[in-house]
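Since chain V is already given, all that's left is putting chain G on it; use the hints.
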Amino acid sequence: MTGLVLFYIAGAFALGGAVGVVGTRNIVHAALFLLVALMGVAGIYLLVFAEFLALVQVLLYGGAIIIVVLFALMLTRLQDFTGSMEHKQWPVAALAAVGLFVIIAVAIARGRGAAFVQREGPSIRQLGESLFTQWAIPFEVASVLLLVALIGAIVIARSGGGEQ
Amino acid sequence: MITLVHVQILSAALFSIGLYGVLARRNAVLILLAIELMLNAVNVNLIGIAAFTDHGKYLGQIIAIFVITVAAAEVGLALAIILRLYRNKGTTNVDQLNLMKW
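Chains as they are written, first to last, in the working numbering: chain V, 1 to 164; chain G, 165 to 266.
Because the hints were derived from the structure by calculation, they are not lab data.
Taking beta-carbon pairs under 7 Å as the criterion, some of the chain V residues facing chain G (in silico):
{"id": "1", "residue": "Leu4"}
{"id": "2", "residue": "Leu15"}
{"id": "3", "residue": "Ile65"}
{"id": "4", "residue": "Ala97"}
{"id": "5", "residue": "Ala114"}
Computed list of lysine-lysine pairs in DSS-like fashion (alpha-carbon distance at most 27 Å, straight line):
{"id": "6", "chain 1": "V", "residue 1": "Lys88", "chain 2": "G", "residue 2": "Lys253"}
{"id": "7", "chain 1": "V", "residue 1": "Lys88", "chain 2": "G", "residue 2": "Lys265"}
{"id": "8", "chain 1": "G", "residue 1": "Lys253", "chain 2": "G", "residue 2": "Lys265"}
The structure displayed is predicted, hence computed values, not measured ones.
Note that beta-carbon positions come from the ideal geometry of N, C-alpha and C, so glycine has one too.
Same shape as in the complex, but just chain G:
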């Protein structure tokens, strides 16, 4: 019998792994992939809550649909920005993209 705790722990583990990826990787595309992992962890949490509680019957699933929409828009824009950065600076290493660093 699956309980809400199982789903929440899985979501927390996915989110933590994604956080590690965002903080530890040097390639901008890999950081983007880790952000996708974190967004998916949020979706797992939302859908788990929707499946186990009575408040607002479809609310979790509806919000998850919007999260997926925003994630799709984010991936498209972020990859376009990364391509433009690569063309202008010749690298996708975030350590070398310090143009706006104070």
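Just chain V, same shape as in the assembly:
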């Protein structure tokens, strides 16, 4: 019962933050609302026994990604959007989003998701052993992907070398 109450609190943070991200007019506020949403999601991870992923979520999203996004917002001009922040197609977008949610919700309600019981998650040790034995090759590929993305980001973003 306590778990369900905590789940609703964390879910309210996640959904409230998400609505803030797509609803606010201030770009910096949107980034901070994203932080709220991501911390709510980290709470959800804790409640379903994914402690390591909750930690990664807080460190990586809260510590790294939000900071990088805020840097990007500072480097691009904020006064660019004098009129509406929304595209003129926003009613269609809202219709598509609501329609998608209804379709998925009906599919979930017709499934047998309620029959499953929650189990203890793996310990960090088990997760690490699985990651470095069974999933070693995808792990290495992910390392190379990060290296490529790092070099690519530096090459693209550095000043000079590009045509004006």
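Leaving out everything else, chain G in the frame of chain V:
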């Protein structure tokens, strides 16, 4: 008692909000933030499935780790591209970035 349905509905709601953000916003950085929301919704779904079913004990969490890795790489590259676009075109408004539009 949390059930799988709770987690799935939350994931679906997060994904739908992210979809609205991607379709309705005009600023490239805000579209990127909405994409982050959608990736997180996918992660919530994966971890929920991992916590409630027996198939492949850690599979959902392992895949979620890879999703987070790819998301980090994607954010870095996308922000670099947005910075370069801003320097060359002077805007981050996606309506005005129509160079490759047919």
